[in-house]
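Enquirer: Could you build all of it, start to finish, from the sequences and the hints given here?
Keeping their order, the protein sequence lines are chains V and R.
When we follow the numbering used here, the leftmost residue of the first sequence carries the number 3, and every step to the right adds one.
When we follow the numbering used here, the leftmost residue of the second sequence carries the number 3, and every step to the right adds one.
Treat the hints with caution; some may be incorrect.
Identical copies look the same in the list; a pair holds intra-copy or inter-copy alike.
[To be verified] In the DSSO-like style, the derived pairs of lysine-lysine whose C-alpha atoms are separated by at most 30 Å in a straight line are:
hint	residue 1	residue 2
1	59	95
2	177	261
3	95	177
By construction, these hints were calculated from the structure, which means they are not laboratory data.
Number of protein chains: 2
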Amino acid sequence: MNSTSPSSARQVRLMARTGVLSGPTANLAAGFVQSNLAILPRDLAYDFLLFCQRNPKPCPLLGVSEPGSTSINGLGADLDIRTDVPRYRVWEKGVLVDEPQDVTGVWREDLVTFAIGCSFSFEEALLAAGVPVRHIEEGRNVPMFRSSIETAPSGVFSGPLVVSMRPMLPEDAIKAVQITGRFPSVHGAPIHLGDPEFIGISDIANPDYGDAVTIRPGEIPVFWACGVTPQAAIAGAMPEISITHAPGHMLVTDMLNIKLSV
Amino acid sequence: MNSTSPSSARQVRLMARTGVLSGPTANLAAGFVQSNLAILPRDLAYDFLLFCQRNPKPCPLLGVSEPGSTSINGLGADLDIRTDVPRYRVWEKGVLVDEPQDVTGVWREDLVTFAIGCSFSFEEALLAAGVPVRHIEEGRNVPMFRSSIETAPSGVFSGPLVVSMRPMLPEDAIKAVQITGRFPSVHGAPIHLGDPEFIGISDIANPDYGDAVTIRPGEIPVFWACGVTPQAAIAGAMPEISITHAPGHMLVTDMLNIKLSV
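Expert: What follows is the structure, encoded as structure tokens:
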């Protein structure tokens, strides 16, 4: 795939739509924003939108659909949110019931789609600045932890802040603070660096989600607010139905990562 | 008043509450964030919250109350939103019906308060950096214009982007872009500089709101998204009831301006 083509984001969506692509989207359509998805009934949409407003670091909103609409203004030409993600997760009352490639069969006219920024965008900026990203080097998922920091609740949505961790030398951590701070719509600057216990993480070698990665001598763990936070809050709220992307299987948008920098 | 005291923001609110202060809040409680207010019935709150999400530059949310609550988490110790602003405007179906010092009499259990960032915060940073702000020098209100840029609509809320204008030498405009860009929660970087016609402003000497200011030879007009935008959108939506602050009579919060910088 020609990842430098301006049409590459749409190509990825069409490959997902036609079933050609059912795997993760990492490294596809380089330069384009990939997005977390949370799809909820309209009667929960106000509480969830307010949850995102109150917790902008873990829940940086890129766009919100009209109820029942299968597109989101500005995110993708001819986007069909029911088909254009390679793999979905369908939840009933907080229980995972299916992982389909297409959610047309369970679509409802009251569903509202929330597109939430993802760390892929700032990782591209880190790599471009020569800051190594360990889980990418090691071909793993980023390690994620439930921290002792509580989110600001809204209605039925609450729960711990989930954080992702990237180990770095202090000099790279300083660069990473500067670089990711310029990307507030994809989690922004770290929320912590150094001692994991300080945010309630007792065993850095055993992440709650994703994979463990090597921490080398002299490196410190650096923690960012993570898009799993809203997923955990949704699971805890046990809505009648909710739909998310499957981990790593993101919505590839027509937005350029570079446009998210401030 | 001792404007450097950490209690000065609360002092201003108590003076408003007791009726001692009924005038504008400019230059009171220096260093503390002052906020625009929009108070709406719960049945319009989702559309308005989404309007703010879709238009973050004119509508940077600092906080949202629970329905009927007279406080907003994090904005002020013992805040009573019904009394702590020096002067309010009460609107019925988009028509201004009263400008009281207290809205306890019209309060309803379904009212939701939206606190929206205000340019006072970034003007303090501009002055601290030696960038002159003309309307402050001339003791006037900032000039504001309805631009030809449309906001992204949400439900009943729509309308033009209203912009504020500050004339500056190009070297100061460059500094101002850098400084205000660090304050995304109080309108952030300018949306335009130079030719007013480019954003549909035909007569820079006749603002739609506020006062005209002197533009000196060599200066260019610099335009920021303005908090009057949501007020105009609310007036256009003609809700049964809405409450705003009276222009210049802001909610003084316990948040420090410096904490808003990124």
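Enquirer: Now, for every hint given, state plainly whether the structure supports it.
Expert: Taking the hints in turn, this is what the structure says about them:
In this assembly of identical chains, residue 59 and residue 95 lie within 30 Å of each other by CA distance solely inside one copy; the values are 26 Å within and 36 Å between copies. In this assembly of identical chains, the alpha carbons of residue 177 and residue 261 lie at most 30 Å apart whether taken from the same copy (20 Å) or from different copies (21 Å). In the homo-oligomer, the alpha carbons of residue 95 and residue 177 never lie at most 30 Å apart, since the shortest distance is 42 Å inside one protomer and 52 Å across protomers.
Hint 3 from the list above is the single one not met by this structure.
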